[in-house]
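Those protein sequence lines, which keep their order, are chains G and P. Taking our numbering, the leading residue of the first sequence gets 1, the next gets one more, and so forth. Taking our numbering, the leading residue of the second sequence gets 1001, the next gets one more, and so forth.
Simulated from the structure, these hints should not be mistaken for lab results. Predicted, not measured: the structure shown is a model, and the values here were computed from it. Be careful, since some hints might not be right.
Said to hold, decoys possible - Some chain G residues close to chain P (C-beta under 7 Å, calculated; not the full set):
#	residue
1	GLY107
2	SER108
3	GLY109
Claimed, not checked - Anything over 12 Å on all C-beta distances counts as not near chain P; from chain G, calculated:
#	residue
4	ILE12
5	THR13
6	PHE45
7	THR47
8	GLU52
9	GLN84
To be verified - Short, incomplete list of chain P residues facing chain G, as computed with Cβ under 7 Å:
#	residue
10	LEU1046
11	PHE1089
12	GLY1102
13	GLY1104
Backbone N, C-alpha and C fix where the C-beta goes; we use that ideal spot for every residue, glycine too.
The primary structure of each chain is shown beneath.
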Amino acid sequence: DTGVSQDPRHKITKRGQNVTFRCDPISEHNRLYWYRQTLGQGPEFLTYFQNEAQLEKSRLLSDRFSAERPKGSFSTLEIQRTEQGDSAMYLCASSLEGQRNYGYTFGSGTRLTVV
Amino acid sequence: GNSVTQMEGPVTLSEEAFLTINCTYTATGYPSLFWYVQYPGEGLQLLLKATKADDKGSNKGFEATYRKETTSFHLEKGSVQVSDSAVYFCALSPYGNKLVFGAGTILRVKS
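Given the sequences, and given the hints that come with them, work out the whole structure.
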């Protein structure tokens, strides 16, 4: 198992464009999380899935953000009409339900820069 | 609500010095507590964890004890190395469905 994979590693986009990120979790993990991390801050929770169901969304997740996990495996996070304030590192993590005490495995993140 | 407060950095130490990074939390119920480390250009890595009061998590010479009475989970290491330079995040998981992070503490170790 290669851990949690995120693609792309870096994305530069112009303001107003749409972007989509992908996350491939550890294969046996049924929970998948998205976090956003800005410079000098800790990661902030955005949303999480258990299998294909999106169980919680943060108020940080505005209407321009949408996340999917169609078959309970990989997930995508789309940002529409990007704004400069969306510039951040987007982190994905996965875990196995019922084993929260084993921690969450994070990917290396996608760094988004909106110009 | 649930929150984590960490000491502000950066913390600058000489090699072989003793390290303490303070972490206190506010939580409903009985959360699990974690320390994560982030090296430059990399993702977060789990450093250690504790799941109940008085548990001690340890890994790679780092230790932290879950103190319910003081709502703290301070990170310690007896002798730091240059390779320990990184950002350290304290986090809690209140219900097992997400992590709540502190702002992070930058550690710089000089040789």
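Please flag the earlier hints that this structure goes against, numbers listed from lowest up. Going through the list in order, the structure violates hints 6, 7 and respects the others.
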